[in-house]
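Residue numbers (my numbering): 233 to 505.
A hint or two may mislead.
Here are the simulated DMTMM-like cross-link-like pairs (lysine to aspartate or glutamate), alpha carbons at most 20 Å apart as the crow flies [to be verified]:
1) Lys302 with Asp262
2) Lys280 with Asp262
3) Lys280 with Glu265
4) Lys300 with Asp341
5) Lys290 with Glu273
6) Lys300 with Glu318
7) Lys300 with Glu325
8) Lys300 with Glu332
9) Lys435 with Asp376
10) Lys300 with Glu274
11) Lys300 with Asp289
12) Lys280 with Glu332
13) Lys302 with Asp341
14) Lys280 with Glu299
15) Lys302 with Glu325
Keep in mind the hints are simulated off the structure, nothing from the lab.
Values in this document were obtained by computation on a predicted structure and should not be read as measured data.
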Amino acid sequence: MSATASAGQGQGQQGQGRGQPQPPAQSLYDALELTPAATQEEIQRAYKRLALRYHPDKAGPSESAAEKFKAAAHAYHILNDPERREIYDRYGEDGLVMMEQLRNFMQSDQGTLLQGTLAAGCAGFVILLPLLTSLLALVGARLDGSLCSSWGAVLTPLWVLDCMLLLGGCCFLLGPDSSAANAGWQLLCFVLVLVAQVLTAAKLDGKGTSFTAALSPLLLLGVLRMLAAVAPLARERKWSARMAAHLRASVGACVAPHRGNAASGVQQQAGLR
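Assemble the whole structure, with the sequences as input and the hints as a guide.
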């Protein structure tokens with residue numbers, strides 16, 4: 233009875249312990265014995281005072297003093313920086329961890345690439361928007377008859393855009409990570425599109441033969457792209473056929489000795505009979 237009662241009391245005490253709220257974790261301000269309203273000078277003075285009090289040379293080999301010294305140094309490292317202190321006051325130490333992760337990512341190669349891509353995208357948007365707007369305005373004015381210039385002059389924003397794309401493509405394709413075959417293929421596609429644009433502008437000015445001939449480079453580009461998409465499938469089918477033939481040959485080589493042994497066994501049995 234007494235053992236059962238003591239066990240029940242122990243379980244009840246454990247349940248009460250679990251139900252009670254846990255004490256809050258020590259904040260960085262508590263480690264420096266300060267309040268969140270402390271100034272930078274007060275933070276520096278508090279750290280110097282605690283460092284002198286809990287330094288291993290002063291406090292001796294005491295684990296509690298060493299832990300307090302480390303906590304004070306950690307709190308001073310964060311609260312002495314205004315940026316880190318602001319993030320800590322708003323989001324706690326989780327916000328500091330996220331800030332450090334973001335900073336490390338932006339300093340890595342992937343972060344540098346992301347920054348360059350965003351910068352190029354913003355610059356491209358700022359440049360492309362006026363070009364496209366002026367192109368649409370000129371084309372609309374030419375179609376309405378209020379502008380009598382030739383289509384070659386009307387499409388000037390398009391030629392400027394082509395030059396920009398050509399320069400950007402050359403800088404990208406001639407980089408260390410690009411192959412010569414890929415660079416040649418992209419350059420060929422760009423040249424075909426440019427030729428189609430020039431021939432179409434000439435036809436609109438009445439200097440070309442027909443729109444079919446003007447758009448023939450785009451037709452050729454479509455055929456080339458279709459062949460480029462089908463070529464890997466054809467190579468894969470040839471590879472599959474070679475593998476199937478090799479597999480059949482391997483299976484036949486493995487089965488042939490067993491067939492020969494079975495045939496010789498049958499002949500020996502017939503001879504004995």
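Tested hints:
Proposed proximity of lysine 302 and aspartate 262 is supported: the alpha carbons are some 13 Å apart, at most 20 Å. The straight-line distance between the Cα atoms of lysine 280 and aspartate 262 is roughly 15 Å, inside the 20 Å bound, and the hint therefore holds. Restraint check: the Cα-Cα separation between lysine 280 and glutamate 265 comes to about 12 Å, which is no more than 20 Å; the hinted pair holds. Between lysine 300 and aspartate 341 the alpha-carbon distance is near 38 Å, which puts this suggested pair outside the 20 Å criterion.
For a cut-off of 20 Å, the pair hint linking lysine 290 to glutamate 273 is broken: about 24 Å separates their Cα positions. For the suggested pair lysine 300 and glutamate 318, the alpha carbons sit about 23 Å apart, so the restraint of at most 20 Å is broken. A distance of roughly 18 Å separates the Cα atoms of lysine 300 and glutamate 325; the hinted pair therefore holds under the 20 Å criterion. As the CA atoms of lysine 300 and glutamate 332 are separated by approximately 24 Å, the hinted pair breaks the 20 Å bound.
A C-alpha spacing of about 18 Å is found between lysine 435 and aspartate 376, which places the hinted pair at or below 20 Å, so the restraint holds. Proximity of lysine 300 to glutamate 274 is assessed by CA-CA distance (about 18 Å); at most 20 Å being required, the pair is judged to hold. Proximity of lysine 300 to aspartate 289 is assessed by CA-CA distance (about 14 Å); at most 20 Å being required, the pair is judged to hold. Taken as a hint, the lysine 280 and glutamate 332 pair is broken in the structure, with Cα atoms around 26 Å apart against an allowance of 20 Å.
Pair hint lysine 302 plus aspartate 341 does not hold up; C-alpha atoms about 33 Å apart against a cutoff of 20 Å. For the hint linking lysine 280 to glutamate 299, the alpha-carbon distance of about 16 Å falls within 20 Å, and the restraint holds. Between lysine 302 and glutamate 325 the alpha-carbon distance is near 16 Å, which keeps this suggested pair within the 20 Å criterion.
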